Structure formats: C-alpha cells, structure tokens
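All the letters of the sequence shown, read from the start, carry residue numbers 1 to 321 under the numbering used here.
These are calculated hints, taken from the structure and not from any lab test. On a predicted model such as this, the values are computed, not experimentally measured, just so you know. A few of these clues could be false.
With a straight-line Cα cutoff of 27 Å, these simulated DSSO-like cross-link-like pairs (lysine-lysine) come out [unchecked claim]:
1. 176 / 221
2. 126 / 107
3. 232 / 126
4. 85 / 107
5. 298 / 85
6. 126 / 85
7. 176 / 85
8. 298 / 107
9. 176 / 126
10. 221 / 232
11. 232 / 176
12. 69 / 176
13. 298 / 315
14. 315 / 291
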Amino acid sequence: MSSTSGGLPSDDWDRVLPFQLDALGVRGRLVRLGPALDEVIERHGYPLAVARPLAESMVLCAMLATSLKYDGIFTLQISGDGPIKLLVTDLTSDGALRGYAQFDSWKLAIALGSGNEDAPDGYVPKLFGQGRLTFTVDQGQHTERYQGVVPLEGATLADCAHTYFRQSEQLPTGIKITSRRSDGADGCHWHASALMVQQMPEFDAGRLDVDTEQREDDWRKAVILMASATEKEMLDPALPGTSLLHRLFHEDRPRVFERRAFAARCRCSRERIDRVLRSIRREELDDLRDKTGRLAVKCEFCSTEYAYEDADLDKVYDPAA
1 MSSTSGGLPS DDWDRVLPFQ LDALGVRGRL VRLGPALDEV IERHGYPLAV ARPLAESMVL
61 CAMLATSLKY DGIFTLQISG DGPIKLLVTD LTSDGALRGY AQFDSWKLAI ALGSGNEDAP
121 DGYVPKLFGQ GRLTFTVDQG QHTERYQGVV PLEGATLADC AHTYFRQSEQ LPTGIKITSR
181 RSDGADGCHW HASALMVQQM PEFDAGRLDV DTEQREDDWR KAVILMASAT EKEMLDPALP
241 GTSLLHRLFH EDRPRVFERR AFAARCRCSR ERIDRVLRSI RREELDDLRD KTGRLAVKCE
301 FCSTEYAYED ADLDKVYDPA A
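Sequences are here, hints too, so could you generate the full structure?
Next comes the structure, spelled out in structure tokens:
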C-alpha cells in the first residue's frame with residue numbers, strides 16, 4: 001500500500017469511509033484527515049491550543065456534511081465569548097475543505113495558564129466560553145438555506161454535536177473525535193479522526209420485525225463498540241480504516257461503501273472579492289486603505305491578499321471602463 005508524508009496510508013488520507021452494521025440496524029462513517037489539516041493549520045501558524053480545536057472542527061464538519069445529501073456548501077461555525085471568538089470550517093459537495101479561527105492571544109494565555117500550550121481535554125468551556133454551534137447548508141440562491149443552531153453545551157465538540165442531534169429530533173447518534181500533532185523527520189503533521197454511528201429508521205434497516213427492546217439493545221452495543229476505539233487506533237498510521245472497523249465491529253460484519261475524498265481548497269478569487277466590493281459604496285472604502293492609498297483585502301481562510309489600486313477600483317465599479 002502506498003503512503004504519503006505523515007505516514008498514513010494514501011487511501012486513508014482526507015477521506016470518509018461509510019459503513020453499515022446490518023445486524024444492528026446501524027449506519028456510520030469514519031473520517032480521517034491529514035494533509036488537508038497540515039495545509040490549513042500550518043498556513044496560519046496557529047498556536048497549538050487553537051490548532052487542535054480547528055482540526056477537530058474540520059473533521060466534525062466533514063463527518064456531518066457527508067451524512068447529508070446536498071449540492072452546495074455545508075458550514076460549521078462556533079462562536080463564543082472565550083479566548084477563541086470564532087471558528088469556521090466548510091465543505092463543498094465536491095470535496096473542497098477549508099477553515100480558520102479568530103482568537104484573543106491575551107485571553108488564551110490567561111486561560112491556559114503558565115507553561116501550557118495545548119488545548120486541555122474538555123476544552124470547550126475554557127476556550128470558547130458561552131456561545132453557540134451553528135450548522136448551515138447553502139445550496140444556492142434559488143433554494144432555501146437550512147440552519148441549525150444549538151448552545152455550546154458539553155466539554156467537547158462531540159458533546160456539542162450530540163446536543164444538536166438531541167434537540168433536532170434526529171435519529172440517535174454517537175460521535176467520537178480525536179486529533180494529534182506529531183513531529184517527524186519532515187516536520188510537524190496533524191491527524192484527526194471522527195467516528196460516528198447512527199441508528200437507522202426501522203424501514204431503512206429492513207428490521208420491521210425487531211421489537212423496540214431489541215433495537216435499543218442493538219443500539220447500545222453499537223455505541224459501546226464505537227466508544228471502545230482508542231486514540232491510537234483512530235490515528236494509527238499502520239491501521240487502515242477498514243481494519244479499524246473490522247477490529248471494532250467484526251462480530252457484526254461491517255459492510256463498507258465507497259470512500260469519498262476531500263482536499264484543502266479555498267474558493268476565494270479576485271472575481272469574488274470584486275463582487276463584494278461592488279456591494280459597498282466606493283467612498284466607504286477610504287477608511288480601509290493603507291498609508292500608500294492601496295486597498296488590500298485578505299482572505300481569512302487561505303491568507304491570500306488581493307491588492308487594489310485606484311485603477312483597479314475603477315474597473316470594479318465601472319466594468320465597462
């Protein structure tokens with residue numbers, strides 16, 4: 001099996017592996033991210049305590065987005081009054097993944113305490129404070145946008161996602177998320193993994209003859225098996241995803257489906273920035289100019305800077321000029 005930098009087998013990098021446990025009436029997915037995280041996190045140079053929540057939010061975004069049928073953009077946003085003020089990640093239906101974070105360095109240092117750099121276990125209350133978790137599905141201007149909003153309740157992002165599923169009256173769902181930064185001969189690499197199981201509707205599962213008590217027992221078994229996955233197993237470079245699923249659920253014969261790949265790719269472009277600028281009155285841009293009179297617009301996601309001189313703005317506001 002071929003491999004890439006960072007050590008994970010190439011067919012486990014930046015992919016979702018859907019599976020189904022027919023014997024238990026449960027479906028699920030395993031997501032592992034690697035190079036996409038490296039590209040996003042290292043580009044910004046985020047401190048470790050910000051990078052880890054971003055890595056875990058990106059793998060959660062990929063997990064949730066691929067459990068839906070949509071043609072457009074799925075966005076996960078976390079906002080709060082803590083050191084990390086805003087965290088945004090999104091995934092398009094064609095697999096373009098990106099993310100960024102906004103944080104207060106001073107508040108972060110106070111929250112972590114002397115000598116600490118990494119986000120603590122159960123970091124959500126300490127790093128995000130009071131806030132909310134928002135999921136948005138945008139399928140274009142001619143369709144209605146779906147949005148789900150829940151308060152940040154729980155110690156981990158998985159806890160917050162569980163709150164969403166409970167409040168939205170979705171099917172019973174269990175999620176486990178883990179991440180790690182490792183140092184190698186070729187530099188630092190980020191790995192993150194998420195494992196989800198979800199009870200299927202009776203009709204979809206083909207188990208109309210199974211009573212309620214048995215369904216509950218089967219569901220509890222699936223959750224216990226999922227929870228037994230260790231961080232090492234979920235992020236093990238030598239353990240393919242199919243092998244992990246077999247290790248966890250071998251008695252129930254997991255049936256795997258075709259993988260879907262992701263890639264770190266930003267959607268920003270000069271044309272998009274032009275459209276944004278045209279929505280603002282030109283005179284309102286004067287306060288945004290630098291000392292040379294130039295206007296610079298920086299993409300929060302990929303840090304690409306788009307510079308505009310007066311001649312460039314003439315073309316933006318009068319394309320026929």
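Okay, the hints, checked on the actual structure:
| no. | hint | result |
| --- | --- | --- |
| 1 | 176 / 221 | 15 Å, holds |
| 2 | 126 / 107 | 10 Å, holds |
| 3 | 232 / 126 | 25 Å, holds |
| 4 | 85 / 107 | 10 Å, holds |
| 5 | 298 / 85 | 19 Å, holds |
| 6 | 126 / 85 | 12 Å, holds |
| 7 | 176 / 85 | 24 Å, holds |
| 8 | 298 / 107 | 24 Å, holds |
| 9 | 176 / 126 | 20 Å, holds |
| 10 | 221 / 232 | 22 Å, holds |
| 11 | 232 / 176 | 13 Å, holds |
| 12 | 69 / 176 | 22 Å, holds |
| 13 | 298 / 315 | 19 Å, holds |
| 14 | 315 / 291 | 22 Å, holds |
Against the hints set out earlier in the document, no violation occurs for any number.
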